[in-house]
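K.L.:
Please take these sequences and the hints and turn them into a complete structure.
Sequence order for the protein chains is G and S.
Note that the first sequence covers residues 1299 to 1708 in the working numbering.
Note that the second sequence covers residues 1299 to 1708 in the working numbering.
Please note that the accuracy of each hint is not assured.
Each pair may be met inside one copy or between any two copies, as identical chains are not told apart.
[Said to hold, decoys possible] Calculated lysine to aspartate or glutamate pairs in the EDC-like style (CA-CA distance at most 16 Å, straight line):
hint	residue 1	residue 2
1	Lys1511	Asp1481
2	Lys1388	Glu1309
3	Lys1388	Asp1307
4	Lys1705	Glu1608
No wet-lab data here; the hints were simulated from the structure.
All figures in this text were calculated on a predicted structure; none of them were measured in a lab.
Number of protein chains: 2
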Amino acid sequence: MKALEVNMDREQIYSSLAQKNDRRIVLLVMDGVGGIPNKEGKTALEAAHTHNLDLLAQRSSCGLTVPVLPGITPGSGPAHFSLFGYDPIKYNVGRGILEALGLDVSVGPQDMTARGNFCSLQGDVVTDRRAGRISTETNGQLISLLKEKIREIDGVGVELTSGKEHRFVLKLTHPKLSDRLGDADPQVEGEKVRYAEPLEQDEHTLFTARIVKSFMERVREVLKDSHPANGVLLRGFTLPPRIPSMADLFQLRPAAIANYPMYRGLAKLVGMTVLPTGPEVEDEMATLRREWDRYDYFFIHVKKTDSYGEDGNFENKKSVIEKVDCLIPEILSLKPDVFAITGDHSTPCRMKGHSWHPNPFLLFSPYVFAGACQRFTERECAKGILGIFPSVDILPFLMANALKLKKYGA
Amino acid sequence: MKALEVNMDREQIYSSLAQKNDRRIVLLVMDGVGGIPNKEGKTALEAAHTHNLDLLAQRSSCGLTVPVLPGITPGSGPAHFSLFGYDPIKYNVGRGILEALGLDVSVGPQDMTARGNFCSLQGDVVTDRRAGRISTETNGQLISLLKEKIREIDGVGVELTSGKEHRFVLKLTHPKLSDRLGDADPQVEGEKVRYAEPLEQDEHTLFTARIVKSFMERVREVLKDSHPANGVLLRGFTLPPRIPSMADLFQLRPAAIANYPMYRGLAKLVGMTVLPTGPEVEDEMATLRREWDRYDYFFIHVKKTDSYGEDGNFENKKSVIEKVDCLIPEILSLKPDVFAITGDHSTPCRMKGHSWHPNPFLLFSPYVFAGACQRFTERECAKGILGIFPSVDILPFLMANALKLKKYGA
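P.N.:
Take a look at the structure:
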């Protein structure tokens, strides 16, 4: 007799059971769609007229999904990793890389990114960490100038991308970079300039720290006559984490249809093909129709439910939901084998930000239990047969309903 | 590219997100409040008239909580650790310490406690492990005598506390004690006296075993003419576990209002300030009012729902519930930002003891979904939007609703 070896984690188990077939999965994510009741006692989903979503909910298995852990309000990064079937604790991607993705900077395995600020210096002292919040236009001009003057440092590629106001992203490219660096930012004004402190003493870290220091000095040289922005601060140095692709893990051919850079970037990190599309949800639908035959998993991202939630604009959030509702028949007409709709996290208008509340979830396939829920709302989905479950379980449910998971054990 | 480091457990994640603010949380625990239907088909909660609890349930997010694991009937220790946000498997406090807490013995980091029995000896043989269940009064007299004669042994402080009948608690105090000792109890009558066997061979364990043996010999000397109690047995040697405080873990200023020693002790173990209070729930309310401005988390414990459950006294359990119901408006008048009510475990009258049944749970805050439940009962809470969840998630929910948890990831 031998001892049992129990050393597979959940990711390995799902991966070992994944199998290819031609069935198509559509995951429609309405970012931040969930909310809490407004003064009239209704959420945006409850107030919206959603004939198609409601009909579909009546024919689906429904539930509520928890993005990370109970009570935890997630950022977009962990919330989407969870939706894609990746443990959001295990794959917690750093701030620098998310900032880069948000500015549509492509990030490969040899790219180290950091968040940058333009700042004001007097001698060696940081007098304003945001250089008086210079305009986005000025930022663009400074970045153009720097790009022209600093293309590489000792063989390390340097790429700069403008953000809003005083913000930018730095990307360094070289096979021997390390991100074990402290922030090159004194954090408080009136303190001296700080360079990135190496947190390890290995060759790569010392090399990277030296490059970062050279970069900051070159910037000061180029901007020596610039005012008020004559220096930079750098925070959150991040190399891309080693993430297995959805193709490798789940045997899928996944495609992303998203019109905001952050979500295209997140999809790319897990190896999805990111399809070109336009700014409106109708453009996303056109992309879906066009590419329908070429993939077996489509992630469709709708941003504006979240944006209006963040603005506290209940009426507009409701309108976006109604707009998405009108597109449901079109998605159904493509006859997806599995069609799921949910949010990545909730964004209640009353809170003007992300929240911890679970997301309504709907799963439509030939293998569901209909009839428990009348509408696609938080409170109706709470009555659903799927109950409350972690978002990271969504992918296994999609795979199961597409018959893409083999039997476990004999 | 770098490998991801995955070394945060759930406690560390919540801890890393905890932030202070002035919002106040009240957790009202009705010990053992949940039950199962009696012959008329009603639980004590269902049979009770609970106007205020029911109104509150209608305005709250409700659910059912599982103290430890499905099907597991917990003792008070693990059930409360779970309520306080501590994994009850990770922090399983030993029996000796719980016995000590139950007798209001204060336990610090250098204190080792054990449960004691007076027993009857003939020569070296244990003839009655409970010394004929001597009266609590006789016990008190013997303990007084022993306290007078044995104050310390080789620099180790000795403290004895009477329990009921033949039971007492021994506390040894010294910086170099070890609790890696077997029970000093042969378990069966007719066997020879057994001393505490060292389970390790290190200096501290051998030292402690020697002290315990000396103690037992000294007792026999003092009680040599006593009858029937002329010896002692000792079980469950326990040093206090190293438990991070709620202040450290969750950035809370927590206070406990409890009138039974066991619960005051449990609260103290997690670093709560234990407030002086009186024997009745009305006294507890007065304490809450008096201390309202000084803490941001209040644990209020009501014991008698459990006591009457243990007695199988359905009518009295119902009455206690109705008494607590009358106090709800007073708690609400203090305007807690978050107010939750639940039990630590169920104590069905028909079972006259703890059970594994999940506890009704109610959470009232500005961020809830009202309307799913009509009453604060087991069956109505089962319809709640929170579903069935582990009790250890209660604290994160309370923190989230008090806006005391930062966003996770960007």
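K.L.:
With identical chains, the pair Lys1388 and Asp1307 could be close in the same copy or across copies; at 16 Å between alpha carbons, which is it: within, between, both, or neither?
P.N.:
Result: close both inside a copy and across copies, 12 Å intra and 10 Å inter.
K.L.:
Under a CA distance limit of 16 Å, which applies to Lys1388 and Glu1309: within one copy, between copies, both, or neither?
P.N.:
both (11 Å within a copy, 15 Å between copies)
K.L.:
Since the copies are identical, ignore which copy is meant and state whether Lys1705 and Glu1608 lie within 16 Å (CA to CA) inside a copy, between copies, both or neither.
P.N.:
Cα proximity of Lys1705 and Glu1608: across copies only (14 Å, versus 43 Å in one copy).
K.L.:
With 16 Å as the alpha-carbon cut-off, assign the pair Lys1511 and Asp1481 to within, between, both or neither.
P.N.:
within (12 Å within a copy, 59 Å between copies)
Consistency with the previously given hints is maintained throughout, with no hint failing.
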